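Now for the letters of each chain:
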Amino acid sequence: MKKTGAQIFIDCLIKEGVDTIFGFPGGAVLPIYDALYGVTAFKHILVRHEQGAVHMADGYARATGRPGIVLVTSGPGATNTVTGIATAYMDSIPLVVFTGQVPTALIGNDAFQEADIIGITRPCTKHNYLVKDVKDLARIIKEAFYIATTGRPGPVLVDMPKDVLNAHAEFKYPEKVELKNYQPTYKGHPGQIKKAVDLILKSKRPVIYTGGGVVLSNASDELKIFAEKLSIPVTNTLMGLGGFPGTHPLFLGMLGMHGTYAANMAVTSTDCLIAIGARFDDRVTGKVDEFAPYAKIIHVDIDPTSISKNVRVDIPIVGDVKLVLKDMIKVVDEAKKALGTDFKYVPRALAEWHGQVNKWAETHKLSYKLNGKTIKPQYVIERIYNLTKGKAIITTEVGQNQMWAAQFYKFDRPRTFLSSGGLGTMGFGFPAAIGAQLAFPDKVVIDIAGDGSIQMNIQELATAVQYKLPVKVAILNNRFLGMVRQWQEFFYEKRYSYTCMDVAPDFVKVAEAYGAVGLRAATVDEVDWVIKKALAVKNKPVFMDFQVDPAEDVYPMVPAGQPLNKMLLV
Amino acid sequence: MRHTISILVDNEFGVLSKVAGLFSGRGFNIESLCVAETLDPQVSRMTIVTTGDDQVVEQITKQLNKLINVIKVSDLTAEEHIERELAMIKVNVDVKDRAEILSIIDIFRGKVVDVSPTTYTIEMTGDNEKVNAIIKLLRPFGIKEIVRTGKIAMARSPKSGK
Ligand SMILES: Cc1ncc(C[n+]2csc(CCOP(=O)(O)OP(=O)(O)O)c2C)c(N)n1
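Listed in order, the protein sequences are those of chains A and B. When we follow this note's numbering, the leftmost residue of the first sequence carries the number 1, and every step to the right adds one. When we follow this note's numbering, the leftmost residue of the second sequence carries the number 1001, and every step to the right adds one.
Once the Cα atoms are required to be at most 16 angstroms apart in a straight line, the calculated EDC-like pairs of lysine to aspartate or glutamate come out as:
(1) 180/A to 1040/B
(2) 309/A to 1058/B
(3) 532/A to 382/A
(4) 132/A to 1012/B
(5) 172/A to 136/A
(6) 180/A to 1012/B
(7) 1062/B to 303/A
(8) 1066/B to 303/A
(9) 194/A to 314/A
(10) 309/A to 1054/B
(11) 309/A to 1053/B
(12) 180/A to 1010/B
By construction, these hints were calculated from the structure, which means they are not laboratory data. Source: prediction; values computed, not measured.
Bound-form chain A, shown alone (with noise of 0.2 angstroms):
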């Protein structure tokens, strides 16, 4: 029986198995809205801004490692997308995004709600489809679907055009992708693998920095069993938060831009430098001549474009960070076995390293003057973070609030910190918080949010309201951009440039006019009080509005350019 492409369209998403659609109609997506009126065989979260459903599809899609799927109209649906679609590519988040497009024969005409959005999504994304043809489009789904998850995951978009949906095929949907230039590496050469355990065994000074994409290839279990077994420290990107337990005692912290005293320093002084599913990003390299200067670096990284791309890398390794990482621990237990009892020297001979790294730990611990009077960011964080036990799944937005979070939450477990990495983008954590709080109903789930990110994205309130979501969202309220801010007072002369956001709503208000709870804590003794009150919330959304200290700034930092071991400290 012959089908139309809407229809198509649906079953194709039902085999792969979805169970929540993010989306938005108009005019050229109506044929699948239609065909979607009583399917039961999964949701649809109708969002109030299509950046929004990009954002929440990413954020269901990092807190469950299964692609984010996003349904929008032609034109301004699509182009709506584009921020949501570029902090996902940056961070290697699998989505697929289909949009509609005007009918085929008016593409090019600038047609009502027509844009090129195959031309405006090719630098971000993995790959794009324009869908000419209904007799393609289930191979073109299979095809989105496989190149979005698999290799380097990022997102695919499906343009397609009006009349493909309404036009009539066979439905098959294909038993497997046959893309012959499209062949991730997966397992790494043994030979490479043997050279870098070899290296690590003679190191002095070992550590071992990961990123992301120990949690996009959920190779946490293999990176603790590798770290423990030579007893090497690990310092994680922003990205890489959770893939090592936070409270870990080989734990360094984050490095980088505001990574910890310890970690930037064992970086700078490392003789072997093992980076794993990381990309060396400015923000963690600092200046780039001088990162890890005395170190031999093996890199693994799925990859090939990633390594030796900004930082000369001594072995590199492609493949898929868990199966190195597995071979590596049997390399390991081999050389374990060839060595005998000399083997437990290995680790021993670190002594002098781990008691140099624990010294800078003692020396410079993350750290904030409590005063009394005001509350202090850092200290909201933490009281979640002990009122939670650690066990939320924390998103962010972007700013000081962001690296607050990454500083003060510790997470013991990947896919529990969810934030925009690589782009950066405000407005990114509260849909993120919305599509993860989907996924997980039973789960806390909370956004720390800045008073200015927070308006960027505020609509989807509407969105967590609808569907019952106990989202929580905390506003470090500052009044301020407050990073921005930051940077004006330390290298701008204090000379505050359209930072300060004085004009703000009451939060507390607009949570309440959208039908949300809203909560406001102005003295340090009331923060408790109105965490407590939101973590017993289980059907709305919260927003809770800290004012917290407007001078409060983000300590360590290294000032852009310079190297890592130059922090200003606190």
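Based on the hints, put chain B with the ligand in the right spot on chain A.
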């Protein structure tokens, strides 16, 4: 250093813009670019001449390989290869210069493919240097227009690249 990169791609809508966009988006240089179908009509070959140090060219090759529509990338600079370019040169001819121009064309094994009372249009094939050389010699007579195809290249080895 200058590199000649030969790329097999799916002969499909939008692929050229994906390749060209990759170069512009990442700040890589394109000196010339040629595209046409291969023996297999579903596959096209692009020949791109680019410049950059080894690290840049390594990135270009890896990034190209990452595009889903790219089948094969080879940097021909590293191996023995033949390269050719076609140029059409429209040059002014004065009666007194005719003989000299014709002899230049002859030396370079070019061809006059169109004649007007005041101009010759010359077809010239060769590697870059040869084309540049004839242009240099003809310039004093007054060149009205030049059209160059950009370089195409093929590895010398007996294996077929399709
Ligand atoms: C969409 C977007 N626009 C601009 C920026 C630049 N930016 C980075 S941090 C920041 C300030 C954020 O202010 P707020 O949300 O109040 O957080 P705070 O730093 O005060 O915690 C700005 C404007 C950005 N990251 N994203």
